[in-house]
Amino acid sequence: MNNDMKKFFKSLKFKMALLYSGILLVLCLGFFLVMNIFLVDYMQKDIGSPRLVGFNNAGFFANLNDEKIELLKESRQNDLANIRLISIYSILPFVVLSFGGGYLIADNSLKPLEKLKEEMKKKSTKNLGEKIEFEDKGD
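Numbering-wise (numbering that gives the first Met the number 0), the sequence shown opens with residue 0 and increments by one.
Note that these hints are calculated values from the structure, not bench results.
Remember, it's a predicted structure, so these values are computed and weren't measured experimentally.
Any given hint could be a false lead.
To be verified - Keeping only pairs whose Cα atoms sit at most 20 Å apart, straight-line, the calculated EDC-like set for lysine to aspartate or glutamate is:
1) LYS44 to ASP3
2) LYS12 to ASP78
3) LYS14 to ASP106
4) LYS6 to GLU129
5) LYS116 to ASP40
6) LYS114 to GLU129
7) LYS12 to GLU129
8) LYS5 to GLU73
9) LYS130 to GLU118
10) LYS130 to ASP106
11) LYS116 to ASP106
12) LYS5 to ASP40
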């Protein structure tokens, strides 16, 4: 690894990006977990029980024979497996997006420090008595 890469991985911006991306990733994974818990609960309920308020589904399900009920259960299990697979595959883009978002948040948070650093570089022994130009935006 070259020296610039070492500096990047030790930088405050990278560490803050990891922190923010970790927070965003935990929130996204929590959303997927809760969504999957509700979907599993919904999909594994008895087929004959009505789900839509205001609609009488009991008449429709009462006319189904055992073979059709088993076919519906199998179809639900396949749908549930597909939803789980899509959820797992969609985690990778969320990881990439969360790191990118965390890096942008960290970059935005550190901009005032970078401006202050540039002002400090302009200082010399001749202009030490002058005020450092810094605009306080209240953040």
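We went through each hint and held it up to the structure:
no.	hint	in the structure
1	LYS44 to ASP3	violated (56 Å)
2	LYS12 to ASP78	violated (42 Å)
3	LYS14 to ASP106	holds (11 Å)
4	LYS6 to GLU129	violated (32 Å)
5	LYS116 to ASP40	violated (55 Å)
6	LYS114 to GLU129	holds (16 Å)
7	LYS12 to GLU129	violated (29 Å)
8	LYS5 to GLU73	violated (53 Å)
9	LYS130 to GLU118	holds (10 Å)
10	LYS130 to ASP106	violated (26 Å)
11	LYS116 to ASP106	holds (14 Å)
12	LYS5 to ASP40	violated (48 Å)
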